[in-house]
Amino acid sequence: MATKLLMKGNEALAEAAIRAGLKAYFGYPITPQSELLEYLVRELPKRGGAILQAESEIASINMVYGAAATGERVMTSTSSPGFSLMQEGISYIACAELPCLLVNVMRGGPGLGTIQPGQCDYFQAVKGGGHGDYRMIVLAPGSVQEMADFVYLGFDLADKYRIPVLILTDGALGQMMEMVEFPEYDIEAHLVDHSSWATTGKKKGSERHIITSLFLDPEILENVNLHLQKKYDTIREKEVRYEAVMTDDADFIVVAYGLSARVSHKAIEMGRQEGMKVGLLRPQTLFPFPSEQLNALADHVNGILVVEMSAGQMVEDVRLSVNGKVPVEFYGRMGGMIPAPEEILNEINRFYSQKLIEETF
Amino acid sequence: MATKLLMKGNEALAEAAIRAGLKAYFGYPITPQSELLEYLVRELPKRGGAILQAESEIASINMVYGAAATGERVMTSTSSPGFSLMQEGISYIACAELPCLLVNVMRGGPGLGTIQPGQCDYFQAVKGGGHGDYRMIVLAPGSVQEMADFVYLGFDLADKYRIPVLILTDGALGQMMEMVEFPEYDIEAHLVDHSSWATTGKKKGSERHIITSLFLDPEILENVNLHLQKKYDTIREKEVRYEAVMTDDADFIVVAYGLSARVSHKAIEMGRQEGMKVGLLRPQTLFPFPSEQLNALADHVNGILVVEMSAGQMVEDVRLSVNGKVPVEFYGRMGGMIPAPEEILNEINRFYSQKLIEETF
Amino acid sequence: MAKIRGHVSIKIENCKGCELCIEECPQHSLEMSLKINQNGYHYAVLVEDNCTGCINCALVCPEAIITVYRESKKKKEPVAVISNVTENIKISLDIN
Amino acid sequence: MAKIRGHVSIKIENCKGCELCIEECPQHSLEMSLKINQNGYHYAVLVEDNCTGCINCALVCPEAIITVYRESKKKKEPVAVISNVTENIKISLDIN
Amino acid sequence: MTNEIKIAGFGGQGVLSMGMTLAYAGVFEGKQVVWMPSYGPEMRGGTANCTVIISNDRISSPIINQFDMAIILNQPSLDKFENTVKPMGQIFYESNNVINPPTREDVSVFEVPAALEAVNLKNAKGMNMIMLGAFLEKNPIVSIDSILKALKKVLPERHHHLISANEKALKRGMELLQNPVLS
Amino acid sequence: MTNEIKIAGFGGQGVLSMGMTLAYAGVFEGKQVVWMPSYGPEMRGGTANCTVIISNDRISSPIINQFDMAIILNQPSLDKFENTVKPMGQIFYESNNVINPPTREDVSVFEVPAALEAVNLKNAKGMNMIMLGAFLEKNPIVSIDSILKALKKVLPERHHHLISANEKALKRGMELLQNPVLS
Amino acid sequence: MTNRNEGIQCEILDRMDIVWERPPALLDVKMHYCPGCGHSVVHKVLMEVIEELDIQDKTIGIAPVGCAVLAYDYLDIDMQEAAHGRATAVATGIKRVRPDRIVFTYQGDGDLAAIGTAETIHTVNRGEQIVIVFINNGIYGMTGGQMAPTTLPGMKTTTSPDGRDVESQGHPLKIADMIALLPGAYYVTRQSVTSAKGVRKLKKALLSAFQYQIERKPGTSFIEVVSNCPAGWKMTPIEANRWLKEEMLKYYPLGDLKTPDT
Amino acid sequence: MTNRNEGIQCEILDRMDIVWERPPALLDVKMHYCPGCGHSVVHKVLMEVIEELDIQDKTIGIAPVGCAVLAYDYLDIDMQEAAHGRATAVATGIKRVRPDRIVFTYQGDGDLAAIGTAETIHTVNRGEQIVIVFINNGIYGMTGGQMAPTTLPGMKTTTSPDGRDVESQGHPLKIADMIALLPGAYYVTRQSVTSAKGVRKLKKALLSAFQYQIERKPGTSFIEVVSNCPAGWKMTPIEANRWLKEEMLKYYPLGDLKTPDT
Ligand SMILES: Cc1ncc(C[n+]2csc(CCOP(=O)(O)OP(=O)(O)O)c2C)c(N)n1
Ligand SMILES: Cc1ncc(C[n+]2csc(CCOP(=O)(O)OP(=O)(O)O)c2C)c(N)n1
Ligand code: SF4
Ligand code: SF4
Ligand code: SF4
Ligand code: SF4
Ligand code: SF4
Ligand code: SF4
Ligand SMILES: [Mg+2]
Ligand SMILES: [Mg+2]
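Chains as they are written, first to last, in my numbering: chain X, 123 to 483; chain U, 123 to 483; chain R, 9 to 104; chain V, 9 to 104; chain W, 705 to 887; chain D, 705 to 887; chain Y, 764 to 1025; chain Z, 764 to 1025.
Just so you know, these hints were derived from the structure itself, not from any lab. Hints should not be assumed to be uniformly reliable.
As the list claims (entries may be wrong) - No more than 20 Å apart at the CA atoms, straight line, and that leaves these computed lysine to aspartate or glutamate pairs for DMTMM-like:
(1) U/Lys326 x Y/Glu1010
(2) X/Lys352 x X/Glu451
(3) Z/Lys1021 x Z/Glu978
(4) U/Lys326 x Y/Asp817
(5) U/Lys352 x X/Glu391
(6) W/Lys842 x W/Glu871
(7) Y/Lys980 x Z/Asp836
(8) Z/Lys997 x Z/Glu978
(9) X/Lys126 x W/Glu786
(10) W/Lys790 x X/Glu414
(11) U/Lys325 x Y/Glu814
(12) Y/Lys821 x Y/Asp863
(13) X/Lys353 x X/Glu451
(14) X/Lys325 x Z/Asp836
(15) U/Lys145 x Z/Glu930
(16) W/Lys784 x U/Asp339
(17) U/Lys282 x U/Glu361
(18) Y/Lys980 x Z/Asp863
Remember, it's a predicted structure, so these values are computed and weren't measured experimentally.
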C-alpha cells in the first residue's frame, strides 16, 4: 500500500531511492544536500543496500561508475561545487553508457557562492558540463512529491536507455517539507536485465564484458557518438515531460522549472485573479526539453517570460524552441535569491501594459 | 624585432606566453597538449618564469588560482578530460575575478575518447561547464599564428577585465607546424596594475586584500553576480572578434571556428570556383559570440551552414543569433574525425540545388 | 611566596559562555553570570579578587576577549580598570 | 648431472626483438635472427640444441610467445615440434 | 483558506520543531502544508526561522515574502520580520526575549510571556509550545489533538514521555491569550 | 601553385623529420607551408605519417584527404594511402619495405631502393634523405640548398656534423631517379 | 553559575601592566564559531605569532572551506579562500611566484585529509616552503557533523550514527604520520589547545614553523592541532575538551613527529 | 645477432611435455606495448595466477589510463577502463555491490601516485578487499615520457630534461611505504620482473594477494612492481632492465613491506 508522509525533499528523494531498489549510494557531504546522505546512512544498510561516504565527489562519481557497471541501481548526490568536480566522471559514464542516478541540489554560485538555493547549473546539466558530446536525462522536480516520483522514473529511464539521469533540484526543495506519497513499486518488475553487458565476471563460454570509453580509432569513436546521438534523439522524441497550467487560453505564458515554477505558479494565479490570460509551462524534463510543445504554444501566445534563479540559462532553450516566433523575455534572480510571486507578477504586468499600449496605438 | 619561425601550434602558444611575460605555468601531461608543458619546462625557467608539473589538473587549476591572485601572469593548459576536472576551480576563479590564461587543446570525446582532434567542448567552454553563472572569454585560434597572437590578446583581456581567458583549440592545430611571427611586445607597457586587489601581503596602513568567492548572504552574492553580468555585457559589446571571408556578396555562409573553419575556408574557395556565392564567418571569440554580426548577415544571406567537429554545439549560438531569420543547418563530424573540404562543399551544394529547385518552381 | 596581584577584564558582550576560562583558572577567580548578553549567552565574570594574572584564562579563551593585567614591578600611579560591564566600555587610565 | 633435454618454440611473427629472452637464457641457446618479421622486428631464434627447458626465457618474454617443452619423465612416443617458421604454424603431434 | 506563517527566533529555542509540529497537525486535518526552514550556517548559534503554510488547496509557491502571522522569539527576528506581516495580520512575540516590542499599528500584536511561564511550569524547553498554544488560541486552524498527534511524529521516540508536559505548555499558552495583552 | 604531399612509414624511419625538412625548405623559398603529423599511440612502434603542404598562396585547409604526391616507406602505409593520391599524382615507394608495389595506373609510380642504397652509403639512417632526393628529382619545388638550410633547423645542434652525409644521400636519391624504374 | 555579584565592576588598582590582550592583528569583530570552538583559539595564537615575527605585511593565508572559511574576516592579513581541499595547491601557486612571501594554509581534517589528500601529500613531498596548520577535530564541522577521515572508531557522527565502523568506514587516518615520512617535510608536530599549557606549546610550534619559513629552510612545516567541535560532538565545550584529552589523544598523541634534527 | 641458420626449424624429439605456454586467459593477440615493456610481463603473470586460482569467471579488473589502458584487449576477463587515477574508487564501487567478486586494479605510477593519490590512500585505509597492482616504471609512459612522482632524482624525462631536481620538483614518492603504514593494508610487497627469478616471485606474491581476497581477509593487498619503460627511458630493453636493477632498486628495494603476520 502507498505510504503518505510529511518529509523534506532530500529525505523523500532518499526514501524513494531505497524503495526503487537502490543497491549502493556513494556521496560526500555538502550543504544543502547532506540530509540525503545522512538519511541513507541510517536506512539503506537495513534495507538491503550499501552506502559509503567517499573521500571526495570525484571518488563518489567513480565509485558510481564501478558499481553501475555491474548493472545494479546506484546513485550519488551533491550540490553545485561538488557536481563540477564530477564532470569528468559523468562524461565517462555517459560514454560507457552506464545507468545511474545523480542528484544536484543546486545552490547559488559561482565559486563557493552560498548555500542558499539556486538554479544556475542548468547549462552544466543539460548541455554537458563535461567534455564531449553527451547528454544526461535531466529531471526537474517541482515538489517534494516529485522529488520522490522522479527517483523511480529516473532509475527506470536510466535502465531503459543506459544513460545517467540527473535530478536537478535546489536547496529550498531539498530542505522544505511537504506531504509525499510513496506508491507501490515492484522493484523486480522494473529491473532491466543488464547481464548482456554488465561486468560481473566473465561467464564461462561467453565473451568477456568490457566497460570503456576509450576508442582510439576516430572512426570507431564517431560511430559510438552516432549511436549516442541516435539514443538522444529517441529520448527527445519519447521522454519529454512537462506540466502545462492554464495554457489553453493563455495569450502569455511563463516558462519555469523547479522552485521558480512553484513561485511562478502563484504569480499566474494572482495574474488570473487580475484578469490576465496567463499560463505556465513547467518542463519536468530539462533534457529532453519540451521544444515542440513550446513551439506549438508559440503559435497561440503573444509572449513568453522565462523565470529562473540564474542569469538566464534555460531561456536559451526556450528561444531555440520558438525560433523567433514570439518575443521571449527573461526574469531572473541570482546568488541564492528567490523571486517573489509579486516580482513575477510585475513582469507579467509589464507585458500586459505594453500590449495595451500596442493595442491602443 | 619580430621573429619568424616554423613551429607547432602548441609550441608557438608556449613561446608567445613567455614573450607575454608569463610568470608561472602549472600543468599536467595529457595528449595532445604535452608539448606545451614540455616546451615551457625547457624554456620558461631560463626566461624568468616558474614552472611546475602538478600532481593533477585539479592541483594545476588551484595553483593558477593562488598565483593569479598575486596579480602575476599565469596559465595552465590541458586537453578535454583534464579540462573537465578543472571546472570547479574555474568557477572559483571566475567568481573571484582572477585574470589568467587557460588552454584546452581539445580531443574527441566523451569519456577517455581519443587523442585525435575534436571541437566537442564548446558548450563547456562558453556556457560554463562549472556551476554558477559565469563566463570566460573564449578565443579560438585558426592557425599557428593565431595560437601565438591570442596568447598576447588573452593575457591583455584577462588583465583588463579580471577574467579567466580560455584558448580553445584542438589537437591538430596544436600538433601542426606553420610559420609564425612573434611581434615586438613590450611586457611592461601591457601589464596592468593589480596592486589594489592582489594578495601579496597587506601593506602597512592599508586594508588587507581578500580573494574569495564565498558570499553567504544571497543579497551580496546577487550583487556580485550582477557585477559579473555587467562585465560580461561590456565584453559582449567591446570584445567581439571574427574573420569574415567573402561574406559581402554571399548568399550563403558557412560559420565555423578553429580547425573546421580552416577546412571550411577551402570548401568555400572550391565553391567560389564552382560559381557559388559562398562566404565564411569565422568567430575568433566564442564568448563573446559575434551574434550581432551574424544577425546582420542574416538579413542578406539565404542560409547558414555551421560546421563543427562535434554533434552540434556552436550551432545553437548561431541559431540564437539569427533568431529564425534564415535556416541554419549543421554539418558535423565527431570522435576525432575531421571533415574534408569536399564533404563541406557537398553540403553547400545541397543548399544550392535546393535553392535551384525553389527558384525553378 | 608573595602573591602576584592580577586582574582580568572581559569583553562580555562577545563572550559565548563556553566556560573554558573558568575551567582553566587555577585561582577559581571566574564564574558564569546568571544574566545573558545580547547574543543570548551567559558570560564569564571575575568574582574573586585573587587573580594572579597568570593569563591562563586569556590563553584558552576562544573569543580572545580577556585582557589580563598584572601588578607592575615598577610601581607607579594607580590605574582604574572598569570591566565586565554590559556595554562595551573599557577605560584604562594610564597616567604614564 | 644428466642434462634435461628441452626445446622452445617461438611465435616469431609476434616477437618484438627485445632480446630479453636471450639475456635470460642460462644456456645461451637463443639468438636474434638477422631477418625481420612483418612488424619490422628482428626476432629471437633457438640456435643451440642445448636448451634445458628451464622456462626462464618464457618467464621474461613480454609477448608470452615462447612455449617451452621438456623431455617427459615417462618416455613415450616421439613428438614433432615445428617452430620458428615465419608463418604461424605450431604443430605438436601428440600421439598420446 | 490559506494561512501563511513565519516562526523565528534563536537557534536553540525550538523554532523549527514548532513549525514542523504545526505543519504535521495540518496534515492530520487533511490540509495541504509546506514547511520551509531557513538553513545554513546562520543556524550556528545565530537565528533560525521557518515558514509554515497550511491550506485547503494546493499550495503553489512555498516561497513567500509576506505572512499572515508571525511568531517571534527574539529581538533580531522581530527586527527582521516585523514588516513582512501583511496588514491586518498578527504578530505573537515572546516578551522576555524581545526588548523593543513591535510598533506596527496595522497588525494585531500579542505579547506572550512564554519564557517566564515556562520557568513557572518548570519546563524551560516548553517555551515554544506555550507560544504555539497562544497562537492557536487566536487561530484555531488545527486542533490540540492534531498537535499532540503531530508531536509524536516530530519528537524522537525517546522523548515521547515529554508529550504530556508539552500539552500542559500548549494549554498554558492558550490560557495566556484568553485575556490577551494587546499592545 | 600548391603541392600537397603525404609521407608515411614506420615510426623510426624518419618520416616526420623528412616532412619537416621539406616544409622548412619551403619556408626558405618564401612559400607558405603546413606540416601536419599523425600523432598518438599509433606512433608506439607502429606507423607514422605526415602531410606537407607547400604553396605560393595562403593555405586554407591543413586537412586534406587527397594528395598530389605520396612518399611511402612501408607496406601498411602504401595500403593505407595508395588510394588517396589524386589521379595524375605520384607515388614514391621504398622498394625494400614494400612487398606489393602500387597497382594504380592513373598515377606515376616511382620505385626507390633507398634502404639498399643507404646500406651502400654506409648511412642506414639516410634512407629518408634518399627518398627525399628522389622526390625532389621529380619535383624540384625546393632547392637542395634550401633543404640543407632546413636540415640545420630540423636536426639538433649535436647532429649537424651529419649534414654532409645527408647531402650525399639526397644526391644519391636524385641520381636514382634520373633513370627511374617506372613500373 | 554564580549567584554572586556580576563581577568586579570597577576597581582602582595599583599600577598594572597589560600582560595579555587580544592581538591587534586579530580583528576586533565577533567570530562566527560556536562557543568553545578550538578554531578561534588557534586564530588567536596564529596572529600573536605573526605579530611577534613582524610578518603581517608579507604573510598570505589560505583558508579553504570548513568552519574556518571565514577566517579572512578575522585575521588582518591578506588572505585567499580556497576550494575544498585545495589550499596547499593554492599556496604552492603563490609561493612559486612570490617565494619571498610567507604563506600558510589553515585546513580542517575533512579538507586536508579527505578531499585534499593528494594535494597535501604532493605539496609536502615537493617540500614547498609553507606552513600547513591542520585542525583535526575528528569531524566535518561546517556541514553539520559528518564523519571525517580522522573520526575515532566508534565515534558517533551524522554519517556514523552507530559509531564509526572501521570495517566498512575505514580507520582514523593519521596523516601527520604519513607526512612525516616524506623527505620534503621539514617540521611535523602535533599540538592541542585544550589547556593554557597546550596553547603555549602550540605558540612555540607555530613560532618555529614560521621562523623556518622566514629562514627559507628546505621543506614544509606541518602543524597538526588536535581540536574540538563541541557542536558536532554534541558536547559542552568542557566535556569536549575532556573527551579530546581522554580519547582523541590516544589516537593522536601530542609531540613532534619530525624536527629539523631528526 | 646470429649469422647461423634461422633457428631449429623442425625436429623430431623424444616425448616432450609442455612446461610453459601462454596462459589461454591472455588472449592470443598482439599487444601494443613497446619491445621489452614490463607491462606485458605482468599481464602474463596475472593471467597465470587467475587461471591457477580458477577465478577467471568471477574476477573484474580495472585498468585506468596509462600504457595499460588497453589491457582489456588482452586479458580474457570482465574489465572496466577507469578515469585517470580513479581505479581504486571504481574498484570500491564494484566491491561494495559485489563483495563476492574478485576485484583488482592495474595502475601506473602516474595514475596511482600522482592524480590518484587520494583515492589510493583512502581505498587502502578503508581496507577495501581488493588487489592493487601498481606498475612503477618511474615515468609517464603513455603520454610520452614525462616525469612521474616516482622518477628518480637526476633522472631525465621530457619534463625534467636536466634530470629531476628534487628541490623544485620534489622527491621520488615511496607510496608503498606510506600505504604500509595504514591499518587497512593487509599485504604490501614490492616485486620486479627483470629476471626469471623476479617473475617467479611476483607470481607468488600475486597468488597470495588473490588468495587473501578469495578468503576475504580484512584489508587491501598492494603489489608494487618496479618495472621498466624502455621507450620513455630511451634505452634498449636490456639496458633498461640493467638500469632498473642498478638504480631503481636503490630507491625501491624489493621485498615485503607488510605481511599478514607483521
Ligand atoms: C567540493 C566541495 N565538497 C563539499 C563541500 C562541503 N564542505 C564544506 S566544508 C566541508 C568539510 C568541513 O570539515 P573540515 O574540513 O574538517 O573543517 P571543520 O568545519 O571541521 O573545521 C565540506 C564537506 C564543499 N564546500 N565543496
Ligand atoms: C584527467 C587526465 N589527465 C591526464 C591524462 C593523460 N594521461 C594518460 S595516461 C597518463 C599517465 C601515464 O603514466 P602512468 O600512470 O605512470 O602509466 P604508464 O603509461 O607509465 O604505464 C596521463 C597523464 C588523462 N588521460 N586524463
Ligand atoms: S589571569 Fe589567571 S588567575 Fe587571573 S582570572 Fe585568568 S586564569 Fe584566573
Ligand atoms: S573563555 Fe572567553 S568566551 Fe568562554 S566563557 Fe570565558 S570569557 Fe567567555
Ligand atoms: S627454456 Fe631455458 S634453456 Fe631453454 S631457451 Fe629458454 S631460457 Fe634457454
Ligand atoms: S623475449 Fe619474447 S619478444 Fe623478446 S626477443 Fe625474446 S621472443 Fe622476442
Ligand atoms: S561546528 Fe564545530 S568546528 Fe565548526 S564552529 Fe562549531 S564547534 Fe567549531
Ligand atoms: S611507453 Fe614505456 S610503459 Fe608504455 S608501452 Fe612503451 S615501454 Fe611500456
Ligand atoms: Mg573538521
Ligand atoms: Mg608509469
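(message) For U/Lys282 and U/Glu361, compute the direct alpha-carbon distance and say whether it is at most 20 Å.
(response) OK: U/Lys282 and U/Glu361 at ~11 Å, within 20 Å.
(message) Check the hint pairing W/Lys784 with U/Asp339 against an upper bound of 20 Å on the C-alpha distance.
(response) holds, 14 Å
(request) For the pair supplied as a hint, X/Lys353 and X/Glu451, confirm whether the alpha-carbon distance does not exceed 20 Å. (result) violated, 32 Å
(request) Take a quick look at whether Y/Lys821 and Y/Asp863 sit within 20 Å of each other, Cα to Cα. (result) holds, 8 Å
(message) Need the status of pair W/Lys790, X/Glu414: alpha-carbon distance at most 20 Å?
(response) Violated, because 42 Å separates the two Cα atoms, which is more than 20 Å.
(message) Between the alpha carbons of U/Lys145 and Z/Glu930, is the straight-line distance 20 Å or under?
(response) holds, 19 Å
(message) Would the hint linking X/Lys352 and X/Glu451 be met if the CA-CA limit is 20 Å?
(response) violated, 32 Å
(message) Against the 20 Å threshold, does the CA-CA distance of U/Lys326 and Y/Glu1010 hold or violate the hint?
(response) violated, 44 Å
(request) Sort out whether Z/Glu978 lies within 20 Å of Z/Lys997, counting only the CA atoms. (result) Roughly 43 Å between the alpha carbons, so the hint for Z/Lys997 and Z/Glu978 is violated.
(message) Can you confirm whether the C-alpha distance between U/Lys325 and Y/Glu814 stays at or below 20 Å?
(response) With Cα atoms ~14 Å apart, U/Lys325 and Y/Glu814 stay inside 20 Å; holds.
(request) Please work out if Z/Lys1021 and Z/Glu978 have their alpha carbons no farther apart than 20 Å. (result) holds, 18 Å
(message) Next pair to validate is X/Lys126 with W/Glu786; report whether the Cα-Cα distance is within 20 Å.
(response) Judged against 20 Å, a Cα distance of about 35 Å means the pair is violated.
Figure legend: structure checked against the earlier numbered hints; hints not met, in rising order: 1, 2, 5, 7, 8, 9, 10, 13, 18.
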